[in-house]
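Fit chain X to the known structure of chain S by using the hints.
Line by line, the protein sequences are chains S and X. With the UniProt record's numbering, the residue at position 135 of the first sequence is 135, and numbering never jumps. With the UniProt record's numbering, the residue at position 168 of the second sequence is 168, and numbering never jumps.
Take every hint as true, because none was put in to throw you off.
Residues of chain X clear of chain S, computed beta-carbon distances all greater than 10 Å:
no.	residue
1	23
2	24
3	58
4	61
5	67
6	68
7	72
8	151
9	175
10	222
Below, a list of computed lysine-lysine pairs in the DSSO-like style, where the Cα atoms sit at most 30 Å apart:
no.	chain 1	residue 1	chain 2	residue 2
11	S	257	X	236
12	S	236	X	251
13	S	57	S	236
14	S	179	S	6
15	S	57	S	27
16	S	6	X	20
17	X	179	X	236
18	S	251	X	251
19	X	27	X	57
20	X	20	X	181
21	X	92	S	194
22	S	20	S	179
23	X	179	S	27
24	X	236	S	251
25	X	92	X	257
26	S	194	X	57
27	X	194	S	57
Simulated restraints on C-beta separations:
no.	chain 1	residue 1	chain 2	residue 2	range
28	X	254	S	6	41 to 51 Å
29	S	214	X	247	40 to 50 Å
30	X	240	S	196	23 to 33 Å
31	X	241	S	204	33 to 43 Å
32	S	136	X	211	28 to 38 Å
33	X	211	S	203	53 to 63 Å
34	X	54	S	58	51 to 61 Å
35	S	53	X	201	13 to 23 Å
36	S	58	X	53	50 to 60 Å
37	X	203	S	58	25 to 35 Å
38	S	195	X	206	43 to 53 Å
39	S	175	X	226	54 to 64 Å
Everything labelled a hint here was simulated from the structure, so no lab data went into it. Glycine included, every Cβ here is placed at the ideal spot set by N, Cα and C.
2 protein chains.
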Amino acid sequence: MNETLKLIHNRRSVRAYSPKPVTRADKDAILAAAFRAPTAGNLMLYSIIEVEDQSLKDRLAVSCDHQPFIARAPYVLLFLADLQRWWDYFIKCGAPGRAEASGLPNRRPQTGDLMLACCDALISAQTAVIAAESLGIGSCYIGDILEQYETHREMFDLPPYTLPVTLLCFGYPTAAAAKRKLTSRFPGESIVHKDRYRPLDAAAMDHCFGDLENTFRSTARAVQYENAGQEIYCRKFAAGFSMELNRSVGKMLENWK
Amino acid sequence: MNETLKLIHNRRSVRAYSPKPVTRADKDAILAAAFRAPTAGNLMLYSIIEVEDQSLKDRLAVSCDHQPFIARAPYVLLFLADLQRWWDYFIKCGAPGRAEASGLPNRRPQTGDLMLACCDALISAQTAVIAAESLGIGSCYIGDILEQYETHREMFDLPPYTLPVTLLCFGYPTAAAAKRKLTSRFPGESIVHKDRYRPLDAAAMDHCFGDLENTFRSTARAVQYENAGQEIYCRKFAAGFSMELNRSVGKMLENWK
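This is chain S alone, in the form it adopts within the complex (with noise of 0.2 Å):
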C-alpha cells in the first residue's frame, strides 16, 4: 500500500489537540492543497472562512450542537458553497442584461447551482483533510454546521447566496486521539451496487446492520429499545439537533428558489 493509502487508511477523526501549535506555513500549505481541488468547470463555487477570532469559536462550540472540543481546535476551517463571488461579478458586468437582449434568461442562483457548489465546497474540504492528515495534522468535520443558520449567517456576515455546508476542525493529535480504534465501516456489498440500485431485501439488510445490532444488544439501551434501528431513529434521527439541522437548512433553500 503507498503512502497515500496508508494515510487514507489509518485517518481518524481527531478531536483531541495536542499543544503543539499549527503554524502559518501548516495553514498554507492546507489552503494551496486545498485550491487544487477540482471544481467544476473551474468556478471554485467555495469560499472558506479561517476562523481564528477565539470569541467565534467559542460561539461555535454552542451553536453546532454543544461541542466545547471546538473551541479548542488549533484551526478552524468554514467551508461554504459561494454563488456569491461570481453573482457580485455578474451583476458588475452587467451580465444578466446581456444575456436578456441575446434572448437568453435572467436568472438568479438556484438549487442546482446552490448543488454544483455543494460539491466544490465538500471536494476541497476532503483536499484539505488529506493534505493535513499528510502533515500528521488531524481533522474532524462537524456536520452540525448545517443547524443554526440564522446564529452563523449573523456570526460571519454571510450573504444570500452563500451556504455554511461543512467545518472542519484542525489540530495535532493527542498521543491517545492518534491511537484511538478505527471505527468500522458497513460491509462493501452494502455501499456498492453494480448497474442499478439494490434496495436491501430482508437478508441484506441482515448483512448490513448484523454487526450494528449485535453492538446494540450489548449496551444498556438495548432494554429501551427493541433494536439498533429504533434507538437510532430515536436518538439520532427524532433528535432535537436533526430537527433543527432539517429547519435550518429549510431555512437556508429558501435563498436559492
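Below, chain X without anything else, positioned relative to chain S:
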C-alpha cells in the same frame, strides 16, 4: 513536499484514457479507500453504483450534456446521497412508531438529511479520486449528472431517498492527458476570508477576475461580449445545460420535503 501533497498538486482531470485496463484489484483499492472516508455519525449516508454495463455508459455520455468520453471511461462510479438504506431499515425496525410512542417526531427524510448525505457522498468521492491518483489512475468529475433526473432515476432504478450527486470517470491517462497544463485557480486571497465573509470590493474583484478578463480579451469571444462576466453568464449560467441542471435538481428536491 510529501508524496500525497505532490499528487494533489499535480492532479489534472483526465478525459482521455490509455488502453491499460483498470483491474479489479485497482477498483477494489479505490473503493476500499472511499469506504474509509469520514462520514457523519458513521451512518454512511451514501451509495456507489459501479457502472459497468456499456449501454449505461453510452446513455450517460448523452444524458450528461453530451460528453462522449464518458462512454470510453474504463471505470465509472455514480455517487448517491442515500437515506433510502436507513429509511428502509427504520421501517423494518418499526422505528417511526416507536418514536411516536415516546412523544418524539415521526418524520421522513428531509433536505437537512439530504445535505448531510451529500457531504458523505462527496467526501467519499474525493477520497476515491485521491486514492486513484496515488495508483496512477486519473479521474474526472461529471457535475452534469445533476441534469436529467428522470432519465437517471429510470436508468439506475433510483428510489426516492437517493440523489445522484456526482459521477466519476476513472482511467489511466494517455501520455498527452498526463502532461496537460494544470488549470489556474483564483488567487487564495479571493477564496479565503478571515473570520467573516467579506464581499469583494472593486479592487478585490479586479484581483480575483483579472486573469480571467485578460484571457477573455485574447479570444474571439471578445468581439461578442464586453467582458468575461457577460461571456460566462451567457455561455454557462444562462445556457441550456445550466437551466436543465436547475430544473432537474428542483425536481430531485421534491422528494425531500
